[in-house]
Amino acid sequence: EAGVVQSPRYKIIEKKQPVAFWCNPISGHNTLYWYRQNLGQGPELLIRYENEEAVDDSQLPKDRFSAERLKGVDSTLKIQPAELGDSAVYLCASSPYFGRNYEQYFGPGTRLTVT
Amino acid sequence: AQKITQTQPGMFVQEKEAVTLDCTYDTSDPSYGLFWYKQPSSGEMIFLIYQGSYDQQNATEGRYSLNFQKARKSANLVISASQLGDSAMYFCAMRGVHDNYGQNFVFGPGTRLSVLP
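Taken in sequence, the protein lines are chains Z and R.
Here our numbering is used: the first sequence runs in plain steps of one and ends on residue 115.
Here our numbering is used: the second sequence runs in plain steps of one and ends on residue 117.
Pulled out of the complex, with its shape left as it was, chain Z reads as follows:
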């Protein structure tokens, strides 16, 4: 079974430029998460989807961040415009709604560097 796929793995952009990250969750997983992980810290939730519905986006900086999950499968996270403080690893995770423990499966992440 394929795991969570993310692309790109690395991205370097100048500040004020836009950037987008893509995530393909494990087949059949209804729940999808986007996290931001700053260096030396734990992941912080940005947004959580149940199928195509964003059920928790309270931590998403909506002035510059947007996300979508069309058809309840793939998801895209966008930053426009990027700021220096956005440099971090962006992790995507998925879990089955009726899984044993709602365990999350993580993708490899996208490391963003804003210069």
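Please keep in mind that the hints were generated in silico from the structure rather than gathered at the bench.
Warning: the hint list may mix true and false statements.
[As the list claims (entries may be wrong)] For lysine to any residue, the following SDA-like pairs were computed, each having C-alpha atoms within a straight-line distance of at most 25 Å: (1) R:K70 / Z:K78; (2) Z:K11 / R:S42; (3) Z:K11 / R:E44; (4) R:K3 / Z:Q41; (5) R:K73 / Z:G85; (6) R:K3 / Z:E44; (7) Z:K11 / R:P40; (8) R:K73 / Z:Q41; (9) R:K3 / Z:K71; (10) R:K3 / Z:L45; (11) Z:K71 / R:Q2; (12) Z:K11 / R:A88; (13) Z:K11 / R:A1; (14) R:K3 / Z:K11; (15) R:K70 / Z:L39; (16) R:K3 / Z:Y105; (17) R:K3 / Z:P96; (18) R:K3 / Z:R36; (19) R:K73 / Z:E44; (20) R:K16 / Z:K62; (21) R:K70 / Z:E103; (22) Z:K78 / R:A88; (23) R:K73 / Z:R64; (24) R:K3 / Z:N38; (25) Z:K62 / R:Q2; (26) R:K3 / Z:E50; (27) Z:K11 / R:S74; (28) Z:K62 / R:K3; (29) Z:K62 / R:N104; (30) R:K3 / Z:G85; (31) R:K3 / Z:D57; (32) Z:K62 / R:A1.
[Stated by the list, open to error] One side only, chain R facing chain Z, incomplete, derived with CB under 7 Å: (33) G43; (34) E44; (35) M45; (36) F47; (37) F91; (38) F107; (39) G108; (40) P109.
Note that the Cβ used here is the ideal one computed from N, Cα and C, for glycine as well.
We have chain Z; now place chain R onto it with these hints.
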């Protein structure tokens, strides 16, 4: 609000020895789950072990065991017979019932474990 505390920024352990990584949590939810994840330098988050708040026994998965003390709100990870490959960041996380779906997770700041040969 839920919160996870990991008070050990870094830990060292000799190869083949056991090590305990501390985790305390705060929640008002009656039902919750506690997880430990490992993050090697390559960056992927690897699920290690799970403990449900109503589970009567402490969880074990191979060399990993979870010392769950509900009254103290602690969920310490014990790694037995440490191996060099155990060197990584370790994160404690909690799932609580926030809404009708009930699947929000909160992560702690992590503990960096270094296994010495």
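Status of each hint after checking the structure:
For the hint linking K70 (chain R) to K78 (chain Z), the alpha-carbon distance of about 40 Å lies beyond 25 Å, and the restraint is violated. Distance restraint check for K11 (chain Z) and S42 (chain R): the Cα-Cα separation of roughly 16 Å lies within the 25 Å cut-off, and the hinted pair is therefore satisfied. The hinted pair formed by K11 (chain Z) and E44 (chain R) meets the criterion: a straight-line CA distance of about 17 Å does not exceed 25 Å. Between K3 (chain R) and Q41 (chain Z), the direct Cα distance comes to roughly 14 Å. Compliance with the 25 Å bound is thereby established for this hinted pair.
At most 25 Å may separate the alpha-carbon atoms for a hinted pair to count; K73 (chain R) and G85 (chain Z) exceed this at roughly 34 Å. For the hint pairing K3 (chain R) with E44 (chain Z), the CA-to-CA distance comes to about 12 Å; that is within 25 Å, so the pair holds. This hinted pair checks out: K11 (chain Z) and P40 (chain R) have alpha carbons roughly 21 Å apart, not beyond 25 Å. About 22 Å separates the Cα atoms of K73 (chain R) and Q41 (chain Z), which keeps this hinted pair within 25 Å; it holds.
Distance restraint check for K3 (chain R) and K71 (chain Z): the Cα-Cα separation of roughly 33 Å exceeds the 25 Å cut-off, and the hinted pair is therefore not satisfied. As the CA atoms of K3 (chain R) and L45 (chain Z) are separated by approximately 13 Å, the hinted pair is consistent with the 25 Å bound. Under the criterion of a C-alpha separation no larger than 25 Å, the hint pairing K71 (chain Z) with Q2 (chain R) is inconsistent with the structure, at around 31 Å. The straight-line distance between the Cα atoms of K11 (chain Z) and A88 (chain R) is roughly 24 Å, inside the 25 Å bound, and the hint therefore holds.
The suggested pairing of K11 (chain Z) with A1 (chain R) is violated, with an alpha-carbon distance near 34 Å, which exceeds 25 Å. A C-alpha spacing of about 31 Å is found between K3 (chain R) and K11 (chain Z), which places the hinted pair above 25 Å, so the restraint is violated. A distance of roughly 31 Å separates the Cα atoms of K70 (chain R) and L39 (chain Z); the hinted pair therefore is violated under the 25 Å criterion. Distance restraint check for K3 (chain R) and Y105 (chain Z): the Cα-Cα separation of roughly 21 Å lies within the 25 Å cut-off, and the hinted pair is therefore satisfied.
Among the hinted pairs, K3 (chain R) with P96 (chain Z) is consistent with the structure: their alpha-carbon atoms are about 24 Å apart, no more than 25 Å. For the suggested pair K3 (chain R) and R36 (chain Z), the alpha carbons sit about 17 Å apart, so the restraint of at most 25 Å is met. Taking the CA atoms of K73 (chain R) and E44 (chain Z), the gap is near 21 Å; set against the 25 Å cutoff, the hint holds. A threshold of 25 Å between alpha carbons decides the hint, and for K16 (chain R) with K62 (chain Z) the separation of about 48 Å lies outside it, so the pair is violated.
For a cut-off of 25 Å, the pair hint linking K70 (chain R) to E103 (chain Z) stands: about 20 Å separates their Cα positions. Between K78 (chain Z) and A88 (chain R) the alpha-carbon distance is near 30 Å, which puts this suggested pair outside the 25 Å criterion. Restraint check for K73 (chain R) and R64 (chain Z): the C-alpha separation of about 37 Å exceeds 25 Å, so the hint is violated. At most 25 Å may separate the alpha-carbon atoms for a hinted pair to count; K3 (chain R) and N38 (chain Z) meet this at roughly 18 Å.
A threshold of 25 Å between alpha carbons decides the hint, and for K62 (chain Z) with Q2 (chain R) the separation of about 23 Å falls inside it, so the pair holds. The straight-line distance between the Cα atoms of K3 (chain R) and E50 (chain Z) is roughly 23 Å, inside the 25 Å bound, and the hint therefore holds. The suggested pairing of K11 (chain Z) with S74 (chain R) is violated, with an alpha-carbon distance near 38 Å, which exceeds 25 Å. Between K62 (chain Z) and K3 (chain R) the CA atoms are separated by roughly 24 Å; this keeps the pair inside 25 Å, and the hint holds.
Note on K62 (chain Z) and N104 (chain R): the hinted pairing holds, with a Cα-Cα distance of about 19 Å set against a maximum of 25 Å. Taking the CA atoms of K3 (chain R) and G85 (chain Z), the gap is about 24 Å. The hint holds against a cut of 25 Å. Restraint check for K3 (chain R) and D57 (chain Z): satisfied, since their Cα atoms lie roughly 18 Å apart, inside the 25 Å limit. Among the hinted pairs, K62 (chain Z) with A1 (chain R) is consistent with the structure: their alpha-carbon atoms are about 22 Å apart, no more than 25 Å.
With a cut of 7 Å, the hint placing G43 (chain R) at the interface with chain Z holds, because the nearest CB-to-CB distance is about 5 Å. Because the beta carbon of E44 (chain R) sits about 5 Å from the nearest beta carbon in chain Z, less than 7 Å, this interface hint is met. With 7 Å as the threshold, the beta carbon of M45 (chain R) comes within range of chain Z, its nearest partner Cβ sitting at about 4 Å, so the hint holds. For F47 (chain R), the suggested interface contact is upheld, since its CB lies about 5 Å from the closest CB of chain Z, less than 7 Å.
At a threshold of 7 Å, the smallest CB-CB gap from F91 (chain R) to chain Z is about 5 Å, leaving the interface hint in force. Among the interface hints, the one on F107 (chain R) holds; its C-beta lies about 4 Å from the nearest C-beta in chain Z, closer than the 7 Å criterion. With 7 Å as the threshold, the beta carbon of G108 (chain R) comes within range of chain Z, its nearest partner Cβ sitting at about 5 Å, so the hint holds. This hint holds: P109 (chain R) has a C-beta 5 Å from the nearest C-beta of chain Z, less than the 7 Å allowed.
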